[in-house]
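There are 2 protein chains.
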Amino acid sequence: MTDSTRLYELDTPTLLLERGKVRANAERMRSHIASLGPQLRLHVKTAKSLEVTKLVQGEAPGPITVSTLKEAEEFSGHGYRDILYGVAFAPNKLARALALVASGVKLKIVLDSVDTAKTLASLLKPTDPSLPVLIEIDCDGHRSGLKPGDPKIIEIANLLASTPAKVCGVMTHAGGSYDCRSIDAIRAMAAKERDAVVMAATSLRNAGCDASVVSVGSTPTATYAEDLTGVTEVRAGVFVFFDLVMAGIGVCRIEDIAVSVLGTVIGHQREKGWTLIDAGWMAMSRDRGTAKQPMDQGYGLVCDVAGRPMADLIVVDASQEHGIIAHRSGDPARMPDLPTGTQVRVLPNHACATAAQYDRYRVLDGGDRVETTWTRFSGW
Amino acid sequence: MTDSTRLYELDTPTLLLERGKVRANAERMRSHIASLGPQLRLHVKTAKSLEVTKLVQGEAPGPITVSTLKEAEEFSGHGYRDILYGVAFAPNKLARALALVASGVKLKIVLDSVDTAKTLASLLKPTDPSLPVLIEIDCDGHRSGLKPGDPKIIEIANLLASTPAKVCGVMTHAGGSYDCRSIDAIRAMAAKERDAVVMAATSLRNAGCDASVVSVGSTPTATYAEDLTGVTEVRAGVFVFFDLVMAGIGVCRIEDIAVSVLGTVIGHQREKGWTLIDAGWMAMSRDRGTAKQPMDQGYGLVCDVAGRPMADLIVVDASQEHGIIAHRSGDPARMPDLPTGTQVRVLPNHACATAAQYDRYRVLDGGDRVETTWTRFSGW
Numbered sequence: 028m029t030d031s032t033r034l035y036e037l038d039t040p041t042l043l044l045e046r047g048k049v050r051a052n053a054e055r056m057r058s059h060i061a062s063l064g065p066q067l068r069l070h071v072k073t074a075k076s077l078e079v080t081k082l083v084q085g086e087a088p089g090p091i092t093v094s095t096l097k098e099a100e101e102f103s104g105h106g107y108r109d110i111l112y113g114v115a116f117a118p119n120k121l122a123r124a125l126a127l128v129a130s131g132v133k134l135k136i137v138l139d140s141v142d143t144a145k146t147l148a149s150l151l152k153p154t155d156p157s158l159p160v161l162i163e164i165d166c167d168g169h170r171s172g173l174k175p176g177d178p179k180i181i182e183i184a185n186l187l188a189s190t191p192a193k194v195c196g197v198m199t200h201a202g203g204s205y206d207c208r209s210i211d212a213i214r215a216m217a218a219k220e221r222d223a224v225v226m227a228a229t230s231l232r233n234a235g236c237d238a239s240v241v242s243v244g245s246t247p248t249a250t251y252a253e254d255l256t257g258v259t260e261v262r263a264g265v266f267v268f269f270d271l272v273m274a275g276i277g278v279c280r281i282e283d284i285a286v287s288v289l290g291t292v293i294g295h296q297r298e299k300g301w302t303l304i305d306a307g308w309m310a311m312s313r314d315r316g317t318a319k320q321p322m323d324q325g326y327g328l329v330c331d332v333a334g335r336p337m338a339d340l341i342v343v344d345a346s347q348e349h350g351i352i353a354h355r356s357g358d359p360a361r362m363p364d365l366p367t368g369t370q371v372r373v374l375p376n377h378a379c380a381t382a383a384q385y386d387r388y389r390v391l392d393g394g395d396r397v398e399t400t401w402t403r404f405s406g407w
Numbered sequence: 028m029t030d031s032t033r034l035y036e037l038d039t040p041t042l043l044l045e046r047g048k049v050r051a052n053a054e055r056m057r058s059h060i061a062s063l064g065p066q067l068r069l070h071v072k073t074a075k076s077l078e079v080t081k082l083v084q085g086e087a088p089g090p091i092t093v094s095t096l097k098e099a100e101e102f103s104g105h106g107y108r109d110i111l112y113g114v115a116f117a118p119n120k121l122a123r124a125l126a127l128v129a130s131g132v133k134l135k136i137v138l139d140s141v142d143t144a145k146t147l148a149s150l151l152k153p154t155d156p157s158l159p160v161l162i163e164i165d166c167d168g169h170r171s172g173l174k175p176g177d178p179k180i181i182e183i184a185n186l187l188a189s190t191p192a193k194v195c196g197v198m199t200h201a202g203g204s205y206d207c208r209s210i211d212a213i214r215a216m217a218a219k220e221r222d223a224v225v226m227a228a229t230s231l232r233n234a235g236c237d238a239s240v241v242s243v244g245s246t247p248t249a250t251y252a253e254d255l256t257g258v259t260e261v262r263a264g265v266f267v268f269f270d271l272v273m274a275g276i277g278v279c280r281i282e283d284i285a286v287s288v289l290g291t292v293i294g295h296q297r298e299k300g301w302t303l304i305d306a307g308w309m310a311m312s313r314d315r316g317t318a319k320q321p322m323d324q325g326y327g328l329v330c331d332v333a334g335r336p337m338a339d340l341i342v343v344d345a346s347q348e349h350g351i352i353a354h355r356s357g358d359p360a361r362m363p364d365l366p367t368g369t370q371v372r373v374l375p376n377h378a379c380a381t382a383a384q385y386d387r388y389r390v391l392d393g394g395d396r397v398e399t400t401w402t403r404f405s406g407w
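From first to last, the protein sequence lines are chains A and B.
The working numbering applies: residue 28 is where the first sequence begins, and numbers increase by one.
The working numbering applies: residue 28 is where the second sequence begins, and numbers increase by one.
So that you can see chain A by itself, here it is in the shape it has in the complex (with noise of 0.2 Å):
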C-alpha cells in the first residue's frame, strides 16, 4: 500500500518505521557476518513483518528464527522454508509443528530436557516427517540451555537418534550480553558464546551425534564478534529497529533507531515541569529496560517532529494512554514550551516489546511523508 499521508495528519499514537536506517542497519549486520563466515538466520520476532524482513534479507526468503509457531506459521505462508523455532519446545507443540512440516517447511526446534525429549521419542511414529532438534547451551547463566560439558547433551541426542527429531546441532543465546557495560565484554561474551557452542559440538560429534549447525546469538555479540570459527550461523533480531537499551549498551548510536512512536501534546503541568502526551504505556509498552542502565531513559527518549532528539527531554512515566514528559533534571525551568497539538516522536527502550503495541508499521523515508503501511501481526 502507498501512501503520501504527511506526519502531522496522522492519528496518534502511531508507530512510525524509518526504512531508511533499517537498510543500514541491516546492511552493516549483513556484511559484517559474512566477513567472519556464518551464515545470519534473522531473528524476526521483533519486527514480525514480511515486509521487514524482505528489506533485510531481499526478496528471496532466506533462512530465519521464530520465537513462535505463530510467526514460522505466518511466513512459512510467504514460502519461508527454512524456519529455526528458537524457543524450548513443548511436547503440546508437537501437531502444530509437524503441520509446518507437512506444508514443507524444514523446521527446527529447541530443546535442553531429558524429559522432553523422552516425551519425543514416545509420541512421534518412524513414519513422521524430519523435526530436526538443536540442543539448547547455556553459555552465561542467563536463561536457559545445559552447560557444554553436561553428559545430558549426549543423553539427549542418544534418546531421539533413531526417531525423527534426530539432533543436528546446537544452538546458544548470550542474553547476559544485554547487561554488559562495554564494548570490551560484549566481545568477551561473544568469544563465551562461540566457545560454549563449539564446545558442546565437539562433544557431539565426539560421540559420534551430528552437529552440522552451531547457532549462536544476541544482538549485540553478533556486532562484536571478532571470530565465529566453528560456528554455521548467528541469530540477530532487533539490530533490525535498534532501540535505547541497544544504544545504552553502546551497541547502535541513537541516530540508528529506526522505530519510533509518533504522539501528540495533550496538555501541561507547568509547575512540575510536565507535558502530558497520547502516548502512555499502552504506545510505549510497559518495558523500562534502560532503568538499570547508567542513562535511564524512562519510558523513551523524546524527539521532535523530524526526529531530532530534544535535549535531555524524557517521558518520564506513563499511564495507559497518557506519558509524562519532562525534563531529565526535573528543573521546569529547562523544559522548552511545547503547546498542546504539537506533535512529537519516542524512541523506544525496547524495540520489540513497543512494536508488538501495534499491528502496523507507518514507513517514512527521508521525509515527512508516510511512504507505505506494513502490517506486523502479533499472538501466538
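In case anyone wonders, no lab produced these hints; they're calculated from the structure.
For clarity, every value in this text was computed on a predicted model and none was experimentally measured.
Every residue gets a Cβ at the ideal spot worked out from N, C-alpha and C, and that includes glycine.
A few chain B residues that don't get close to chain A, going by computed Cβ distances all over 12 Å:
id	residue
1	Q66
2	G106
3	C195
4	A212
5	P363
Calculated lysine to aspartate or glutamate pairs in the EDC-like style (CA-CA distance at most 20 Å, straight line):
id	chain 1	residue 1	chain 2	residue 2
6	A	K319	B	D344
7	B	K299	B	D364
8	A	K120	B	D38
9	B	K299	A	D177
10	B	K174	A	E298
11	B	K299	A	D167
12	B	K120	A	E36
Partial chain B-side listing against chain A, Cβ under 8 Å, derived:
id	residue
13	T39
14	K72
15	S94
16	P118
17	D139
18	I293
19	M309
Using the hints, position chain B against chain A.
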C-alpha cells in the same frame, strides 16, 4: 462462539477469563455504587470486549468511558451511545470525534487546557453537532487536570460557552489511589477525589456555568467510597478483572482475579530453582506494577492449572517468550517439581496491560472447559 475445549488441549500461552468471577466483581461494584447514588460509567479500556461489557451492564448498552477513540468507534458500532472519552482531547482528533457524534453518539470529551479550548473554539463551526466538554480536575497531583480552585476552569467554560463544545461539568481520576497502602488511605482518597470535583463544579455553577456532570473514578476509590454526595457518576474499569496490584492494595482478594495466562513448562535450571515456561513478557506484558508494593509478585503469581495459587511461586524474570518461575525465597529446595509439559496459570500484575497482549479471551465458567471465546480489540 461456543466451545468445549479442555484446558490441556489449548495452545499456550493463552489468556483465560473466569466468567463467574467477572460476574461477581461486577455485581459487587454495581450494588456498591448504586447504594451511594451515582451512576456507574464502566471504563471499557480494561477488557475492550463487547461481551465483558454486557456481562457487567446487561444486554442493553449503558454509559461507558473510553481511553481511545477506537474504543468509542468499536462500541458505537454495537449501539453504545453514551460515551465519555476520558483522556485530554487533542484537536487533531476532532474530525474523528465529530464523525462519532454525527453517527448518533452522545460523546463527551475532556480537557484541562486553555490553549486546547481556544483551538476548539476556533475550529468548531456553530453548525457542528454538540460535543460537550468536561473539565479535568487534578485531585491528587497524580497526572493531569486543573486544581479545583484554578481560575482557568471558568476561563475555559467561558471560552467554550457559545460553541458546540460547551462545558457541562467536571471529571477527575484519583490515580494516586494506586499508591495507597491502607483501606483508610483509600477512603480518605475517595473523599478527596469527591471534594475536588464537587468544589470545581460549585465554582462553575457560581459563575453561571453548567456543571450537571460531576464525574469521579478509579477502582480503589470506587470500591471504598463511603459518601458521594454531589457526584453524578463513577468511572471504573479494572474491577471487572482485578489483578495483583489491586490485591496488593487490598481492593480485592487473590481469588477475585478473573484473568490468568495459561503457560506450559518448557525446561528447568534445577540447581538455581528455576522452572521455565512458555509465557514470557509478551504473554504477561512488561508491567511490574507490584515491584513497588510490599509484596513484589515479579511478572505474576503462579497457580496450578485449576487456578489455585502455588505457595510463593512467582515469575521472577521474563524474556520475550520465556518466563522463569522460582520460589519467592530463591531457595531451590522449596521449588516443587513441575515436569516439562505441566500447565500453570499465572495471575497478572496489571489486567489492562496483560489483556492487551491478546486478541481473545478463552472463557471458563468454573470447570476446566473453555465455554466460549470472546474477542478483544486493540490499537487506536
